[in-house]
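Number of protein chains: 2
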Amino acid sequence: MAQEKEAIGAMEWKIKMAGGSSESLAPTRARGCPGIAWLALKGLVVGLVMKVWNFLKKAWDMGHNEPRKVIHCLKVGVALTVVSLFYAMRPLYKDVGGNAIWAVMTVVVVFENTVGATLSKSINRIFGTFLAGFLAIGIHCIADRFGKDIEHFITGFSVFLLASAATFSRFIPSVKARFDYGAMIFILTFSLISVSGYQVDQLFDLAKHRMSTIIIGTSLCIVITMIICPIWAGEELHMLITRNMETLANSLDGCVADYFNNSGGFAGDKESDNKLLGYKCVLGSKATEESMANFARWEPAHGRFNFLHPWKQYLKIGALMRDCAYCIEALNSCVNSENEVSELTKTHISNTAIKVSSDSSMVIKELARTMKTMKKSSAIDLLVGEMNNSVLELQEDLKSLPKLFINPQPLLQEPESPENNNKTKAEAAAVALMDIIPLGTLTSLLIEIVARIEGMVSAVQELAKLAEFKAVGDRKANQNQTTNKVIPDQSALQRV
Amino acid sequence: MAQEKEAIGAMEWKIKMAGGSSESLAPTRARGCPGIAWLALKGLVVGLVMKVWNFLKKAWDMGHNEPRKVIHCLKVGVALTVVSLFYAMRPLYKDVGGNAIWAVMTVVVVFENTVGATLSKSINRIFGTFLAGFLAIGIHCIADRFGKDIEHFITGFSVFLLASAATFSRFIPSVKARFDYGAMIFILTFSLISVSGYQVDQLFDLAKHRMSTIIIGTSLCIVITMIICPIWAGEELHMLITRNMETLANSLDGCVADYFNNSGGFAGDKESDNKLLGYKCVLGSKATEESMANFARWEPAHGRFNFLHPWKQYLKIGALMRDCAYCIEALNSCVNSENEVSELTKTHISNTAIKVSSDSSMVIKELARTMKTMKKSSAIDLLVGEMNNSVLELQEDLKSLPKLFINPQPLLQEPESPENNNKTKAEAAAVALMDIIPLGTLTSLLIEIVARIEGMVSAVQELAKLAEFKAVGDRKANQNQTTNKVIPDQSALQRV
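So the sequences go chain by chain: A and B.
Numbering-wise, the first sequence is residues 1 to 496 according to full-length UniProt numbering.
Numbering-wise, the second sequence is residues 1 to 496 according to full-length UniProt numbering.
Bear in mind the hints are in silico, worked out from the structure with no lab data behind them.
One or more hints might be untrue.
For chains that are exact copies, the list does not tell them apart, and a pair is met inside one copy or across any two.
[Stated by the list, open to error] List time: in silico PhoX-like cross-link candidates among lysine-lysine, alpha-carbon distance up to 25 Å:
#, residue 1, residue 2
1, 346, 399
2, 312, 58
3, 51, 312
4, 465, 51
5, 51, 176
6, 57, 376
7, 176, 58
8, 465, 69
9, 69, 148
10, 57, 176
11, 399, 375
12, 280, 176
13, 372, 470
14, 312, 176
15, 286, 51
16, 312, 280
17, 312, 375
Only chain A is shown next, with the shape it has when bound in the complex (with noise of 0.2 Å):
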């Protein structure tokens, strides 16, 4: 008891380092207040110190990780750098001085992680400046004419009028998703010519100067963004859609071997596990695809991206993949659910079904790779024609499930008078239910997988036409041909 209440008096202050191992602070009584005092200034340091320590190397594993981003990080250093050096030594370059910071703010405020965003600010800034500009000469112009009270009302009031004009368009979503920072931009400049308070002549100057140094600003911008290691839009969103499908795949894949292979030893296992959940990042992706589909629009044509590149297709493919991945949501929490079914009817449907769901995963795969390869592919009419023969024999299966309970006589002792037959084979057919319905909710829910699966792989095949991939060679184009007609007819296999 006394030894009890010792443990629980001698409180030990741990503190985690790094490595994982703790160090214990054990207090020593005789110290007295002063070391008590000490002690928990040296953990308030040392938990500070961690948690700078811990934020770094975050950090340091982010950079180590994305090589890329450290890259951009770079480059922006770089870009001001230049910019800043050519203004500090300004004698040689007098006509732009005074103008100077507009060049160092278009970089910092322009100069983005991709190429697309970089030139979509850059085109924003260049036109809204100078429509902004165009129009505040054409009032202050007008507005010369008359007194200088008239002139502080007319203004005030085309600043009001304008400002919120363009605010509002900011909120239309076309505007909003190509234009928003031309709005901005324009505002500003819009505002800064009325307040500055020129003479025309001095504002022509003015505009002039600016100008310029907005296009210095926006194209060492431009280059340094397009020469070293870019960064396209366009070939990220394409990365990501590939990337995903293939995370798609697996997850579908592992979600069905995991729900027959249980008893394997298969749950639990860490990396199996990510592969899983793996359709939660294509859940997610949804914002980064609309931004990155919004920033490709403004690329030139880049390693096999045209400049019209269909990039609203793969929206819509990213919108299909989503589809698919919340049926797999639901796939999952229903192979995750405490439903228990009895080994023999999981046996007896488990082949079919792991094939169904190699075979849709396999369609996946082949349209990744399509994308991947930007090359029509020979063998996804096939890969859809297999696909939809699995789902037939997961049919086939699942009807004659059935049998199992009701024809063999180990399974259940067959009772002696015929009331009692009808009772009990009744009870053994609800029985028998209850262990198919989770089966049964698996299968339709891969049924459903394999509908929206067509869905990707006509938005893939519409894909390869608007942007025109290439057919593989004859060869395989051949081989297409022969073992088209082996596919049955889709749309009739597709439902029961």
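Starting from the known structure of chain A, fit chain B onto it as the hints suggest.
Same frame as chain A, but now just chain B:
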């Protein structure tokens, strides 16, 4: 044949009018080239006018439907006009004269739709400027002691280093969520001061002016945004979550009712379709919720919300609602699938299934009411209990389904020989099974939805605890106590 040719040759030019009517521009062959050119020009102009008209009409509708957006635009206009006139009448306020642009720029950049966003940007701007100014002047003081060349080197190197580091910090999620704008302003201010090439005493002067103009600009924005029809991010988030709950409840209810009343002409009605697809709003509101929660953290106490209101808990509730919506999505597709179920089996479970869905949606609606009134619900335990009871009933009904097929004579004729008997029974069972599986899937999904709703219930109860929702009056509390006894053990009920 000749008529056909003429019909092909005389292509009709139609222009769609605003009202939906179309005006045909019949080509009159007598007119010749100038006539055709005139018609083409007329078509072009009318088309352009129509496009602009449609755009304006859409904008008008938006403004009409969401007057708060219009008010925001007017607020921006007022703020900018005030600050512009303040500086246009410069003679009165000579000391901030040259830096007037900073005040204007601050208003343009900082003024956002919600109070939280404006506050977040204002505070970021002030601290970013302050920190960067402090550092830049410090480095400038040191560099000033060396020669011109070394000074340029130090300036360039420090700009490179700090700009890269600050850009990198913008990639770190925790920094990005709160201090993204501050990091940008830090880079901007630091580079500007480094470029300026001023003497140290000039710099102090500049810093003083710039800080004062920024403080004037941000104060103006904060005052206007908080006083004239304020839009609080926190309140918006609260209302969004509440509204989404109601949408979800209606969706769930409509989805199941639609399935069982399909023959009654329920489907196809536009309003009910909108209700059904309401869950899509929930699926797509993740980004909005996150940004609102981010801004809400900056807001002071307002209305019913304290300064440290647990906004993070709203994100948890939102995520759980999305989980629920995924299941409703699967349910909806299962409902819309072409699997035909006989009316007999449908009718057998329709009442209980509809009861489960209406009980579930009652629970969600009660949660929405709890959120709306910010008062602890006295009825929620009772409603959850009822929902679980309905699930049990549904499962019982499903279990009793096989009896429908095996017992009653009118449905399946009794065969003569025992062998035939067995065979036919197995076939009948197979048919019955195929009939039951869609209903089984529906049930499984409903059970999963119920489980997820229970997750929502505990998340809302957690919120009620964290945000100290008030309890309802004594009378109701007593009622709650008595009803609590009736509720069976929920965890046991949850699944079979």
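Hints versus structure:
Taking the shortest alpha-carbon separations for residue 346 and residue 399, both the intra-copy value of 14 Å and the inter-copy value of 19 Å come in at or below 25 Å. Proximity of residue 312 and residue 58 under a CA criterion of 25 Å is satisfied inter-copy only: 23 Å between copies versus 35 Å inside one chain copy. Taking the closest pair of Cα atoms, residue 51 and residue 312 come within 25 Å of each other only across two copies (22 Å); inside a single copy the shortest separation is 44 Å, beyond that limit. When the C-alpha separation of residue 465 and residue 51 is checked against a cutoff of 25 Å, the pair qualifies neither within a copy, at 53 Å, nor between copies, at 30 Å.
In this assembly of identical chains, residue 51 and residue 176 lie within 25 Å of each other by CA distance solely across copies; the values are 18 Å between and 39 Å within a copy. With identical chains, the CA atoms of residue 57 and residue 376 are never at most 25 Å apart, being 45 Å at best within one copy and 43 Å at best between copies. For a Cα distance limit of 25 Å, the shortest separation of residue 176 from residue 58 across copies, 14 Å, qualifies, whereas the shortest one inside one copy, 34 Å, does not. In the homo-oligomer, the alpha carbons of residue 465 and residue 69 never lie at most 25 Å apart, since the shortest distance is 34 Å inside one protomer and 42 Å across protomers.
With identical chains, the CA atoms of residue 69 and residue 148 are never at most 25 Å apart, being 53 Å at best within one copy and 34 Å at best between copies. For the identical chains of this complex, residue 57 and residue 176 are inter-copy neighbours only, at 17 Å across copies versus 37 Å inside a copy, given an alpha-carbon limit of 25 Å. In this assembly of identical chains, the alpha carbons of residue 399 and residue 375 never lie at most 25 Å apart, being 40 Å within a copy and 52 Å across copies at closest. Taking the shortest Cα distances, residue 280 and residue 176 sit within 25 Å of each other only across copies (22 Å), while inside one copy they are farther apart (28 Å).
Taking CA atoms no more than 25 Å apart as the test, residue 372 paired with residue 470 passes inside one copy only; the shortest distance there is 12 Å, against 57 Å between copies. Taking the shortest alpha-carbon separations for residue 312 and residue 176, only the intra-copy value of 17 Å comes in at or below 25 Å, while the best inter-copy value is 28 Å. Taking the closest pair of Cα atoms, residue 286 and residue 51 never come within 25 Å of each other, the shortest separation being 33 Å inside a single copy and 30 Å across copies. With identical chains, the CA atoms of residue 312 and residue 280 are at most 25 Å apart both within one copy (22 Å) and between copies (20 Å).
Taking CA atoms no more than 25 Å apart as the test, residue 312 paired with residue 375 passes inside one copy only; the shortest distance there is 19 Å, against 46 Å between copies.
Against the hints set out earlier in the document, violations occur for numbers 4, 6, 8, 9, 11 and 15.
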